[in-house]
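Using the sequences and the hints given, assemble the complete structure.
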Amino acid sequence: MDRRLTACEEDLVEYVFHDIKARRAGILKALTAGNSTFFVLIFSRDFEVFHQQCDPAKENLCLYGFPDEHWEFNLPADEVPPEIPEPVLGINFARDGTNKKDWLSLVAIHSDAWLNALASYFGGRFQFDRTQRKRKGNDNARK
742 MDRRLTACEE DLVEYVFHDI KARRAGILKA LTAGNSTFFV LIFSRDFEVF
792 HQQCDPAKEN LCLYGFPDEH WEFNLPADEV PPEIPEPVLG INFARDGTNK
842 KDWLSLVAIH SDAWLNALAS YFGGRFQFDR TQRKRKGNDN ARK
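Quick note, our numbering runs 741 ahead of the 1-based positions in the sequence shown.
Source of the hints: derived by calculation from the structure; they are not laboratory data.
One thing to keep in mind: the hints can contain errors.
As the list claims (entries may be wrong) - DEER-style ranges, computed between Cβ atoms:
1. ALA818 x GLN794: 33 to 39 Å
2. SER846 x ASP870: 32 to 38 Å
3. LEU753 x SER846: 32 to 38 Å
4. LEU830 x PRO808: 17 to 23 Å
5. GLN793 x ARG866: 32 to 38 Å
6. ASP819 x PHE758: 39 to 45 Å
7. LYS770 x LYS841: 40 to 46 Å
8. GLN868 x GLU800: 32 to 38 Å
9. PHE807 x ARG871: 16 to 22 Å
10. ALA798 x LYS770: 21 to 27 Å
11. ALA763 x GLN793: 21 to 27 Å
As the list claims (entries may be wrong) - The calculated EDC-like cross-link candidates involving lysine to aspartate or glutamate, where the alpha carbons are at most 20 Å apart (straight line), are:
12. LYS841 x ASP787
13. LYS770 x ASP843
14. LYS770 x GLU813
15. LYS875 x ASP787
16. LYS842 x GLU789
17. LYS770 x ASP787
18. LYS875 x GLU789
19. LYS762 x GLU827
20. LYS799 x GLU827
Built from N, CA and C at the ideal position, the CB exists for glycine as well.
Right, here's the structure in full:
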């Protein structure tokens, strides 16, 4: 039995969806530097800038994607436990000991896992039910 969603519930589901989608867009910008393909970045000057910003000499860096579609390398939040799930810690440490292509793939995998953790967190926090999750999935399939 499908139940109708209230306007408030619709807005909240839409808000969370757009938050995650914008964070993903920010991470994609970081990983591709605006190029249409992921691995073109490795051979570009943009990759060298990205690679240098993720300096292993710095403390545990995380790659953050933000709801306004920008990204940054930064330290994790000081509050323990953090309010929302944090990206993988210390992605900068494996940088120099790993092939560039493999390192970039690892950062992408960890970023994807973080986005999934955020989606699960928001789904649980706002208690989205099956109808809400299914409806959002169907909306995306139509686009």
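Within 16 to 22 Å: is that where the Cβ-Cβ distance between PHE807 and ARG871 falls?
violated (29 Å)
Between ALA763 and GLN793, does the C-beta distance stay in 21 to 27 Å?
holds (26 Å)
Starting from LYS875, check that the Cα of GLU789 is at most 20 Å away, please.
The hint is violated at about 41 Å.
Pairwise hint evaluation, GLU813 against LYS770, where the allowed Cα distance is 20 Å at most
Given pair LYS770, GLU813 holds - Cα atoms ~10 Å apart, limit 20 Å.
Given the hint that LYS762 pairs with GLU827, does the C-alpha gap stay at or below 20 Å?
holds (17 Å)
Sort out whether ASP787 lies within 20 Å of LYS841, counting only the CA atoms.
holds (13 Å)
Please check whether GLN868 and GLU800 have a Cβ separation lying inside 32 to 38 Å.
holds (36 Å)
Given the hinted pair LYS842 and GLU789, is their Cα-Cα distance within 20 Å?
holds (12 Å)
Could one say that the CB atoms of ASP819 and PHE758 fall in the range 39 to 45 Å?
violated (29 Å)
Go ahead and decide if the range 33 to 39 Å is satisfied by the Cβ distance of ALA818 to GLN794.
violated (19 Å)
Please test the hint of 32 to 38 Å on the beta carbon pair from SER846 and ASP870.
holds (35 Å)
Is the hinted pair LYS770 and ASP843 satisfied, with a Cα-Cα distance of at most 20 Å?
holds (18 Å)
Checked against the numbered hints above, the structure breaks hints 1, 6, 7, 9, 15, 18 and satisfies the rest.
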